[in-house]
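All chains should be built: construct the whole structure from the sequences, respecting the hints.
Number of protein chains: 2
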Amino acid sequence: MEHKTQQTTLPLSPFTQPIRCIVKLGGAAITCKNELEMINEEILHKVSEQLRQAMIASSEKPPGMDWSKKPASSEIFCDPEKFEDCSSMECGRFIVVHGAGSFGHFQASKSGVHKGPLNKPLVKGGFVATRISVTTLNLEIVRALAREGIPSVGMSPFSCGWFTSGRHISSADLSSVAKAIDSGFTPVLHGDAVFDEIQGCTILSGDVIISHLAAYSKPEYVVFLTDVCGVYDRPPMEPNAILLKEIAVAEDGSWSVVKPKLQNSIELTVAAHDTTGGIKTKISEAAMIAKLGIDVYIVKAATSHSLRALNGDLRSSIPDDWLGTVVRYSR
Amino acid sequence: MEHKTQQTTLPLSPFTQPIRCIVKLGGAAITCKNELEMINEEILHKVSEQLRQAMIASSEKPPGMDWSKKPASSEIFCDPEKFEDCSSMECGRFIVVHGAGSFGHFQASKSGVHKGPLNKPLVKGGFVATRISVTTLNLEIVRALAREGIPSVGMSPFSCGWFTSGRHISSADLSSVAKAIDSGFTPVLHGDAVFDEIQGCTILSGDVIISHLAAYSKPEYVVFLTDVCGVYDRPPMEPNAILLKEIAVAEDGSWSVVKPKLQNSIELTVAAHDTTGGIKTKISEAAMIAKLGIDVYIVKAATSHSLRALNGDLRSSIPDDWLGTVVRYSR
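The listed protein sequences derive, respectively, from chains X and Y.
Going by full-length UniProt numbering, 150 is the number at position 150 of the first sequence; the sequence numbering is gapless.
Going by full-length UniProt numbering, 2 is the number at position 2 of the second sequence; the sequence numbering is gapless.
Hint data in this document are derived by calculation from the structure and do not stem from the laboratory.
Using N, Cα and C, we set each Cβ at its ideal position, and we do this for glycine too.
Among the hints, a few may not be true.
[Claimed, not checked] Computed footprint of chain X on chain Y, listed as stretches where at least three residues anywhere in the stretch have a Cβ under 8 angstroms from a Cβ of chain X: (1) 29-43; (2) 151-159; (3) 184-195.
[Unchecked claim] Below 27 angstroms or equal to it, Euclidean Cα-Cα: the simulated DSSO-like pairs (lysine-lysine) are: (4) Lys-110/Y with Lys-70/X; (5) Lys-179/X with Lys-33/Y; (6) Lys-110/Y with Lys-179/X; (7) Lys-110/Y with Lys-69/X; (8) Lys-120/X with Lys-70/Y; (9) Lys-115/X with Lys-179/Y; (10) Lys-179/Y with Lys-110/X; (11) Lys-69/Y with Lys-69/X; (12) Lys-120/X with Lys-179/Y; (13) Lys-259/Y with Lys-245/Y; (14) Lys-46/X with Lys-70/X; (15) Lys-115/Y with Lys-33/Y.
[Said to hold, decoys possible] Just some of the chain Y residues that point at chain X, by a computed CB distance under 7 angstroms: (16) Ser-68; (17) Pro-121; (18) Lys-124; (19) Arg-143; (20) Ala-146.
In structure tokens:
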């Protein structure tokens, strides 16, 4: 007698080998929040350095891969001999996704790209302007990673054929991303303006991209690098704000704070302290990934804590002195 | 009795509506040949202006779509009211493809990206460096077009899933390009570093991209904007170099100079005067497109002659005072 096996609703994944980590570079962490289209160079440099340390085993920094002319220089720099000395360029299988921060946000909100429709001239103009702004940031991040010797390649969701329908991903060609990883590169994706089958166009956020990529590529862990230490019970600037260190996700998707033991149940609904959604949204997104059995670490970028998270040091147990939020599936 | 119809080898084209024109912005025309990674701003501006005149019927310049911060400014500029006045943003169905010129060339040649393999550290580094350089140029061209009010969107062949096998295109997802055009945008593609199934990676040239796009999208005409007046019988700098005004392509792909009537048959083999291949290569590529019944105009960028070519003024007949080379199928 034959048993019908339960069919999965996900199409076949193009990822043939395991991914180690998907990293989100939060827009607030790598750009200057209050200055339009301004990168936080210091943080981006530090983040790139930590990514290199986590991805490339060699203690020596590999030769840089951004050979472009530097401003106020007339020369391009590349030393081929340095590459001859590299016996291997083995590099951890990471996918990087970044937000927009002070890039793209102005253009998108001014024009209403997130809700369409495209036949409205202002929306069409905003679509073009938003893509110019976010791809400018993408190029700079690819550059920063390449300077550290990470073989990064920029991949815009718009170009990669990501579409939405009613703002939910309806189609995403992951084969290019998988092929890039299989060939030893680090794909760098970003929140982008994309076509939407119902409303014409929308903004596809970095967080939604990560959820989608996680579902198909099943990374060992996911790291969200932000500008605060993790998820708090209220806006982190408020006195007495408590860092939620561990959140457990149940099989039905519900979640609860395991650590610290809170005396009063926290009022999460009022604490909508960031622009992309409140704590609830943030935890719900992380919980969706955690439900796949993938640990999610939310941690302040460019700190010793983020390096431990990127290294995968937290997979067995979370040390008491680690500052950040772990969202984890509890079977 | 049934007759078997001849089967075409081309997969189904995603282009559902006719394309008016594919334009190649030659690398030599839009960049400064002798200065590394330097755009020829004056030519690029003029080319963008002519493209806008050819694509957008309205005599008034539409509002700009690059709202990014200008250097040394702290503000982003966008005037939403200007868009409210636009009753329509109708725009000719053009595809723009550009070469690399002084971008990418150094990085590619220094590392041997065109021949692979990717497991060689220098090639891998060069792949990353080449992509950074050519996408930098792509972004600047998208910006220049957007400033003219052309709804341009950058699309890298690498991200769009273009692969080669033995340096010939083996797979190219044209649906993203078609979808962008159908949504009223102008895709801007470029010569790029891509994966090759046999040798690991290679350089996919802008000219090969155009041939491929032309075969599937069947544009009304194709324009190559270069830094010289057209194709000559010898290096154009040489005294007595003769501009070949009309080249006829026969059904078997062979071609002959129709205008001017040359006294001696020209020695094309010795005249390999540019880096991407000699005259023969250039004409052969144009001939392949012409064989599809598509007129090809090779003309100096940013001149009155290029504007007439972009406008499609030459489709019925070529005026005697037009300077350039027409490559045309003669049935």
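* Any hints from earlier that this structure breaks? Give me their numbers in increasing order, please. => Hint 5 is the one this structure does not satisfy, whereas the remaining hints hold.
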